[in-house]
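Asker: Since the structure of chain B is already known, use the hints to place chain V on it.
Protein chains in written order, with our numbering: chain B, 1 to 298; chain V, 1 to 235.
Misleading hints may appear alongside valid ones.
Once the Cα atoms are required to be at most 30 Å apart in a straight line, the calculated BS3-like pairs of lysine-lysine come out as [what the hints assert, rightly or not]: (1) B/K166 with V/K129; (2) B/K293 with V/K129; (3) B/K166 with V/K125; (4) V/K182 with V/K107; (5) B/K166 with V/K107; (6) V/K223 with V/K108.
Residues of chain B clear of chain V, computed beta-carbon distances all greater than 10 Å [claimed, not checked]: (7) L14; (8) A65; (9) Q129; (10) F163; (11) Q181; (12) V184; (13) L185; (14) L186; (15) I188; (16) N189; (17) L190; (18) F221; (19) F261; (20) P284; (21) W296.
To be clear, the hints were calculated from the coordinates, so they are not data collected in a lab. Yeah, the Cβ is synthetic: ideal placement off N, Cα and C, and Gly gets one too.
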Amino acid sequence: MDPSTTANLLLTGLLRGGLYALMAVGLALVFGVMNICHFAHGEYYVLGAYAAYFAYVTYGLDPIASIIIAAMLSFLAGVVTDKLLFSPLRKRSKGDWVVNAFLLTAGLSVVLQNVYRQVFGMRYRGITQYWNASIKLLGMNVSADRVIAFCIALLAIAALWVFLQKTRPGRAIRAVSQDEQGAVLLGINLDSIHTLTFALGSMLAGLGGASLLSLSPAYPFGGNKPLIASWFVVTIAGLGNVQGAIIGGLIVGLFESVSYFYLGQGWQDVASLGLLILLLLFKPTGLFGTQIKSVWER
Amino acid sequence: MLSVTNLQAGYGQLQVIWDLSLVVEQGEFVALIGANGAGKTTTLRAIAGLIPKQSGNVTFMGQPITGLAPHMISRAGLVFITEELNLFEAMTVGDNLLLGAYSTADKKKTNQNLELVFDLFPILKDRQKQLAGTLSGGERRMLAIGRGMMADPRLLMVDEPSLGLAPRVVIDVFKALKALHKIGVTLLLVEQNVNLTLQIADKAYVMEQGRIILEGGSAELLKNEYLSESYLGLR
Chain B
1 MDPSTTANLL LTGLLRGGLY ALMAVGLALV FGVMNICHFA HGEYYVLGAY AAYFAYVTYG
61 LDPIASIIIA AMLSFLAGVV TDKLLFSPLR KRSKGDWVVN AFLLTAGLSV VLQNVYRQVF
121 GMRYRGITQY WNASIKLLGM NVSADRVIAF CIALLAIAAL WVFLQKTRPG RAIRAVSQDE
181 QGAVLLGINL DSIHTLTFAL GSMLAGLGGA SLLSLSPAYP FGGNKPLIAS WFVVTIAGLG
241 NVQGAIIGGL IVGLFESVSY FYLGQGWQDV ASLGLLILLL LFKPTGLFGT QIKSVWER
Chain V
1 MLSVTNLQAG YGQLQVIWDL SLVVEQGEFV ALIGANGAGK TTTLRAIAGL IPKQSGNVTF
61 MGQPITGLAP HMISRAGLVF ITEELNLFEA MTVGDNLLLG AYSTADKKKT NQNLELVFDL
121 FPILKDRQKQ LAGTLSGGER RMLAIGRGMM ADPRLLMVDE PSLGLAPRVV IDVFKALKAL
181 HKIGVTLLLV EQNVNLTLQI ADKAYVMEQG RIILEGGSAE LLKNEYLSES YLGLR
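Only chain V is shown next, with the shape it has when bound in the complex:
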């Protein structure tokens, strides 16, 4: 569904991503893991069209999206939920979710998606009339994911959903991601929490310093020696 080949990207003169390739098949739950500064967010930004690519190709559902404007990429079904969340702080939870459905013309689908979001995140239903800026960290995270779901995505890219959250809330968020996967949404998850991520993802790519150094199914990666030592602290 998503195919990235030989991506080189960065910020101005500073190249961050070096010759990166990855594939996400339809229905898969793929993780992109690595330490802070490895270039994971930059990769997602490049795919979503937020930063220009120096070279390389990105295809989504068979169509090349390499030079496309970010709002077109979003409309094509590739939805990116950033780490900063980019919520509309002064608008209500309800309005934020409605805006998620901005590019969907089908009102019925929108209502269905809204029901789904409220099923997965009942707290959002309770706080519908509240301003997004007044929500707690975990609730904001859930609102961002819910808003992304309202865009009726084919593939959802989520950047570090567990960052800064209490462990209890992290479990809730991951449960929601798992539920999303179950209903058929393809997921590309960027995370630093390697242990938890490898337990729910199908396969993973490990990044270090802008390159992919390991890839494979989650089960085998968990047994990988290098990974265990460097990322899981096991010996």
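Here chain B stands alone, though its shape is the one from the complex:
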């Protein structure tokens, strides 16, 4: 394999991987802190896409502003979802419902998809591109949209890193994921932390949807593919760990770009799923599963 092909594969892989990492991190946060198997994650990706579309196309705002607004709206949607759905359950029942969270969020997914259908109709809302440019990287011409989306993902992940490591609420989130009772006894409001966590997860998903608007248009069922991709990454990396999700996202991105190159589009899914099956056979907890002690630390 000549060096330019390697460079190409690496580049494509990284660009994909960055966005996979972004989506997976949101999922990892929700599972790691709240123990919820979140199956409506894709719907917040779509929400971000819709928000960015309307901000950019209908209101004519500039791309970065549209993406930021989309992220903020997704954060808000997360807060509302938690307050309306999970918070009452946390108060009422003794926590057994968390085991059934998969069904709950699957139901939420159906509801949201149909709400989108009612409100926005079945039309695809897409754009050709945010930025009319292509950037020459490593001898390849890559669309500016892809590169900027990757940079946004990187920035978001870096910001999350700083947030979790250095800020008070970030530390509280890590603490809650390790020992809820210990956190409560130090005056940490569990409900607030859960709401914050879910909102952050939704925001990251929305950010992904908004950044990739030119590649994946907004439409009611547009959340399915990102959902499956996120769960794929998190399962491979090990559930509930953010660092694992980041690395997992990059690995999956690279794997997909390599398998696409050698096997073609038709067989790429086979390769990915084959990898998953092998992993579940030999290391069901995921690549980093056994080392997971917290949502952040490994």
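Answerer: Showing chain V alone in chain B's frame:
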């Protein structure tokens, strides 16, 4: 400072605490002693708001805290150090201590408390960057107490700090508790080690099967016949 009246509590259908009343005055060092299974931990859990109370009242610093959520009770200054310690295993000693100060806004006070913790437990200062999960039993105990101190407590409830520790380490932990008391922290200590506890506490309540069967100053309790026979093995 802390007043518990007619507390009834338990786990679901199983009632463990029967009509329990106790009082802790400001600045006192009170012990709650009894054998395994007497209900001492359950009492502390009920006071801290971790388990619901079936009936009874708890007042802290004049305010009723009976129905309050546990994190609010902690913020009010009533800090509970559990027997399981509930440390954040994957975080460093330093981060654990910082989290102890989560609900204090005063940065100066936090730094003062940190200095105090390091004075009392110099080993924690040495192991600041180490993960809590890698500490020895005694060090974990000290970290838990130190973390509790960072919360700037008015009253500290400690559950069986001597459990599972080597005798030498137990003495260190008790020395630390005594030092805490000296600087003005009110303490409610639950213990099975009756002899050692009665030597440092001001007064004690003795529990058996969910009820208080004896109470009084430590000095007189040490001379109490029933106590001497049943708990101290003296005849």
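Asker: Next step is simple, just say for each hint if it's right about the structure.
Answerer: A quick look at each hint next to the structure:
1. B/K166 with V/K129: holds, 15 Å
2. B/K293 with V/K129: holds, 17 Å
3. B/K166 with V/K125: Distance ~20 Å between B/K166 and V/K125 Cα, so the pair holds.
4. V/K182 with V/K107: With a Cα-Cα distance of about 24 Å, the restraint between V/K182 and V/K107 holds, given a limit of 30 Å.
5. B/K166 with V/K107: Measuring from Cα to Cα gives roughly 15 Å; hence the hint holds.
6. V/K223 with V/K108: violated, 46 Å
7. L14: For B/L14, whose nearest Cβ neighbour in chain V is about 29 Å away, the distance exceeds 10 Å, so it holds.
8. A65: holds, 35 Å
9. Q129: The assertion about B/Q129 holds, with a minimum of 43 Å to chain V.
10. F163: holds, 15 Å
11. Q181: The claim is violated: B/Q181 sits with its nearest Cβ about 5 Å from chain V, within 10 Å.
12. V184: violated, 5 Å
13. L185: At about 5 Å from chain V, B/L185 fails to clear the 10 Å cut-off, so the statement is violated.
14. L186: The claim is violated: B/L186 sits with its nearest Cβ about 5 Å from chain V, within 10 Å.
15. I188: violated, 6 Å
16. N189: violated, 5 Å
17. L190: violated, 7 Å
18. F221: holds, 39 Å
19. F261: B/F261 clear of chain V: closest Cβ-Cβ about 38 Å, beyond 10 Å.
20. P284: holds, 22 Å
21. W296: violated, 8 Å
Violation of the numbered hints given earlier is confined to hints 6, 11, 12, 13, 14, 15, 16, 17, 21; the remaining hints are satisfied by the structure.
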